[in-house]
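Protein chains: 4
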Amino acid sequence: MTATDPGTEQDPRLDRLYADFAAEHLNPLWTQLGDLMPERPAPRAVPHVWRWSTLYPLARRAGDLVPVGRGGERRAIALANPGLGGVPYASPTLWAAIQYLGPREVAPEHRHSQNAFRFVVEGEGVWTVVNGDPVAMRRGDFLLTPGWNFHGHHNETDSPMAWLDGLDIPLVNYTDSGFFEFGSEQVTDAATPRVSRSERLWAHPGLRPLSGLDDTPNSPIAAYRWEHTDAALREQLALEDEGHPATVEPGHAAVRYSNPTTGGDVMSTVRAEFHRLRAGARTRTRREVGSSVWQVFDGEGEVELGDVRYRVSTGDLFVVPSWARWSLRTDRGFDLFRFSDQPVFERLNQSRVFIEEGQA
Amino acid sequence: MTATDPGTEQDPRLDRLYADFAAEHLNPLWTQLGDLMPERPAPRAVPHVWRWSTLYPLARRAGDLVPVGRGGERRAIALANPGLGGVPYASPTLWAAIQYLGPREVAPEHRHSQNAFRFVVEGEGVWTVVNGDPVAMRRGDFLLTPGWNFHGHHNETDSPMAWLDGLDIPLVNYTDSGFFEFGSEQVTDAATPRVSRSERLWAHPGLRPLSGLDDTPNSPIAAYRWEHTDAALREQLALEDEGHPATVEPGHAAVRYSNPTTGGDVMSTVRAEFHRLRAGARTRTRREVGSSVWQVFDGEGEVELGDVRYRVSTGDLFVVPSWARWSLRTDRGFDLFRFSDQPVFERLNQSRVFIEEGQA
Amino acid sequence: MTATDPGTEQDPRLDRLYADFAAEHLNPLWTQLGDLMPERPAPRAVPHVWRWSTLYPLARRAGDLVPVGRGGERRAIALANPGLGGVPYASPTLWAAIQYLGPREVAPEHRHSQNAFRFVVEGEGVWTVVNGDPVAMRRGDFLLTPGWNFHGHHNETDSPMAWLDGLDIPLVNYTDSGFFEFGSEQVTDAATPRVSRSERLWAHPGLRPLSGLDDTPNSPIAAYRWEHTDAALREQLALEDEGHPATVEPGHAAVRYSNPTTGGDVMSTVRAEFHRLRAGARTRTRREVGSSVWQVFDGEGEVELGDVRYRVSTGDLFVVPSWARWSLRTDRGFDLFRFSDQPVFERLNQSRVFIEEGQA
Amino acid sequence: MTATDPGTEQDPRLDRLYADFAAEHLNPLWTQLGDLMPERPAPRAVPHVWRWSTLYPLARRAGDLVPVGRGGERRAIALANPGLGGVPYASPTLWAAIQYLGPREVAPEHRHSQNAFRFVVEGEGVWTVVNGDPVAMRRGDFLLTPGWNFHGHHNETDSPMAWLDGLDIPLVNYTDSGFFEFGSEQVTDAATPRVSRSERLWAHPGLRPLSGLDDTPNSPIAAYRWEHTDAALREQLALEDEGHPATVEPGHAAVRYSNPTTGGDVMSTVRAEFHRLRAGARTRTRREVGSSVWQVFDGEGEVELGDVRYRVSTGDLFVVPSWARWSLRTDRGFDLFRFSDQPVFERLNQSRVFIEEGQA
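Residue numbers (the working numbering), protein chains in the order written: chain A, 11 to 370; chain B, 11 to 370; chain C, 11 to 370; chain D, 11 to 370.
If you're looking for bench data, these hints aren't it; they were derived computationally from the structure.
The beta carbon of each residue, even a glycine, is placed where N, CA and C say it ideally should be.
Check before you lean on any hint, since a few could be wrong.
Said to hold, decoys possible - To spell it out: a stretch of chain A is covered by chain B in this simulated footprint if at least three of its residues, at any positions, have a beta carbon under 8 Å from a beta carbon of chain B; those stretches are:
hint: 1; segment: 211-219
hint: 2; segment: 224-233
hint: 3; segment: 243-251
hint: 4; segment: 266-278
As the list claims (entries may be wrong) - Residues of chain C clear of chain B, computed beta-carbon distances all greater than 10 Å:
hint: 5; residue: N141
hint: 6; residue: S194
hint: 7; residue: E237
hint: 8; residue: E252
hint: 9; residue: R335
hint: 10; residue: D341
The task is simple: from the sequences and hints, build the whole structure.
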């Protein structure tokens, strides 16, 4: 799409008009339509892979050099999409960072309207305290801190721990909709139970406490434990083996983390899923409005991002910008965590998905 | 409220008018307003208790005398509310029956638009096959057969088994909205797995299969297992002990069985809950629009129904008609299953609850 | 469907079993399955037509003989479906009555949880006062009194007036969910404006007052005026003439009265529609779960009800029981008002519609 | 909020760490937390007023110099918020432009997923053709072009016409979610009816065509006519005069344009309202998450934006960035059109409103 040619560009009256526009804080559509309204999404964000083998040592170095405490709040190192000019955004809407907490360290409490989660690719020994409820963090767990809940973290071991933080910071920042408040310097409950109170109340399949009948915009489950995720995926593949419909496509099991009060997404701006491909499986190629960040949890395989194929293995992260082609395949099988901004587009009626035919 | 006195009752013109009304299939409001529109619900259904010690032997005698098979379909013995003139209804909306299946018997498959569930107060060894998915029945389990799913039952043991069937038959019958279809003479899948396929796909806390993202009006979970219900209740009481909000009122834990795709009731016309009162606990006294049927699952205690108190223990059933006062108390603690027609009134915007003050 | 033959009926043990069942308020399913759960709805209610030429004189006679006032409350004469044994119900769920108010009479205020509306087939000069808002009643108007709003009527003319009252009394009575309260002996606001306050606030197409942003279960519009209904129907037929989709089927225009806060039905239990068939048009034949009552507003035509065809003209009323076949046809064109219990079945997920093919 | 001091800034190891972060497309949170997550929204966009007396002559000059046609598509001159560095955005989410169409000109058809509307502050004689439905544009009308509807405009007079275009271009562009497609060079239906087909089908208060029972994410009403808006506002003030609740606050009438199929906003990303303040009235001071653009339609008054008060009169536009204080007051009374991104924040559960107390 090219802009219309508005008469002769040399016309000095036109130059003067554009100058007068600028002086009055006005800006013509016709010279820039193609950029403003492209025929399909043309993101500046690019597909990119970050290697765990690179990330983790850098996080450790930060652990040695940068204290955690009030003001900086978190030792979190954000994925900065190479197409976005250095801002700490994985995509225009999504924040993804590695947070690193050294032995016995405490990240002070605060709260913000931005929705946050954590996903643990390795390690354990940190508790995140969400509105006073201590939540253990262990490999494979997916943990929620929905907007405006006070939260801090403390490491109860002599080893450091690192995990993935995901938030909607870029979207909230762009739309000027965020609020932030400092809380306690120390966590408000230093207990270290294996299971949080929120799980004890809410993480029973299909059961809702009568004391919690009001629907909530975000899930009341603070921790989705690996044992459940793993079992759900294992059963899907077993059902497929037995000849019953259960998987997304052959060899591809997947679950969406959901809010038990509504069946919807865990948080109003963030979707989170876990995918398992059995050895030899491949997904169809998709394009979707909206972006997502993936982390390989286990195994290894290949991801096609736009026109490039990357081999990825445990801990590696990659971002899929809006409308970029993507597919997965694996010889040995692999497990992947994914989060995205899909609820935003579904709620705003802007969602589109395109699945290439003639594959699988 | 008394009807207006329409002039002098002896007026022969009035008699003739009423006769002419009748001849034309007309009927005046003013002579019967109080019955049609009482100041508060005035159900014909009455509170009543049925004893397990009476029910079970009668069911066993039916087992000896009445075959199960095509036509009669089920050896189900319904609670007939004494106020309703002999119809097999626990209340105007609810059907509750004891179904009895002898050793090695099979109840043939059929389907109907009426929503059904089963709750098991004792025994095991029967599988209910719901749309081809074999679902084991064991003590404490709550099992769904939402409308229009083919289902049959088969007893794989040398012992009989009995359980509670609950349906919306009376409401559907009254409103002329039911459909029924015969199916296979034998169950379509005679396998006897411990866990149904529906559970393998759906009964993981807060996890939704990506192959099942469309919401369904009724829950896709065929069996809510006792181990989960028991754990949820136990945790509520433990949280209460630790000083955290979790129970409905002191000493009263309760869960609602829910549809994981929506967070709502398991079926569009039926609510199901499980209540546990610890030793020494009592509930507040309530009145609610709509009726419910309770079965004591374990322990014993006292139920106040209207103006009468009854001692009830394991297996006993009682019905609470609309707007009847009810409360529970127990010295030794007890567990109760409950089902009701509450979704009907909530969906039709006719729900009201009155909780008496100054108690508990 | 026939009940299973439970052994030999003469078996005295069986007789004793059934007697013991009865003594314990129990009732077997197997002897009555076909009645309880027929293969398709088998209503006791029958199709029936009531003639305006019969109804109106009877109402006038009631006007001469029966006073209106506290206690009887309303001079309303209900359609009593011939299949329902004399109860004043048009169907198991719907109440339809002709209400007659003599010159200068007042029907006192009261309120009830039952939802009510009025539809005016002829006349004017009565105001219904709904929660203090005086609402003029004129030919073709559809007027709402949703549950728990105080309301009374007063005739400001020297002529009587009669209209159709529709309510959900039978459903509410059956389900024991109704509440009733007496109010003022006289209407609380005797003003006689042409337009109610509710219309002034709410009856502007697609416009919602900022002072009324909370959704309400029932429509806030007290009167749907004939001029709007007529215009909407006229435009549908004109659009059809111009070749654009607008009608339900050829020559059949129809509108549903809706709640502007949700787009849904005007009241939670009642659907109301207005249908216009142009000269020579006919509808397809339908069966629907749920019942409806129709009143011819203008013109004349033929209605097929089950296996019988009736000629109907202005003022005539007919009832269509659940799952009964119905269709309309007309040589000269006619207008019909309809109300039904459809929202009940849609909300309870029990709705079914069957449209016969190969017609129209 | 200030960033934590990470050791000594001079530490060369830290410099190297930050350089290594940058090389790996990583970016620390702790050095920029305050900017990313401020305590309350801190928009770059600023409050600003654009004068109609300046805008219109510039639009006319563009009319003389810049052709309308394929490629440039529209002669639209966008408000460029002075805080946003020259991009043609009124706020980060909202596009607002003056579109100018000369005598007999045609703006060719296209469609895009971005939602669009037009509001007419003066003039008439242009038809916008939306999916083949010709919609007349007249002073005071609010006209919709929801996403993915083909639309073009043609001026049937010998005078130019200008109006306000509003879209969600900035939000869609930022989130990479837009699609665009060229259509016909000429409008597909050149008819010039006073009323569009969409209005004939849908713009009847509380009436829904039976041929349109499926809810739509955007309103099916193509034009909300001034006569209805004006009447609704006039009635609110009259009801206030009569002592009844109807206005937002004393002397402040307002309507929200709504989707009759849901009662919700006209489009999934855009809210539109019309406000009328009677002479002497003032609003309370508000802060809201999200931004809005206002245009004075008639009269004159004063707007407080942040700390500055501006006198505004017919045609003037102003933007209120997120969380900026705003209030209105007027001596002589004025009418204002408003549009905003509020549905975005409500749907994403990020909405907040703060109303200052002790005023009004």
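Now for the hints, and whether the structure bears them out:
| no. | hint | verdict |
| --- | --- | --- |
| 1 | 211-219 | holds (count 9) |
| 2 | 224-233 | holds (count 3) |
| 3 | 243-251 | holds (count 4) |
| 4 | 266-278 | holds (count 9) |
| 5 | N141 | holds, 17 Å |
| 6 | S194 | holds, 16 Å |
| 7 | E237 | holds, 30 Å |
| 8 | E252 | holds, 39 Å |
| 9 | R335 | holds, 14 Å |
| 10 | D341 | holds, 28 Å |
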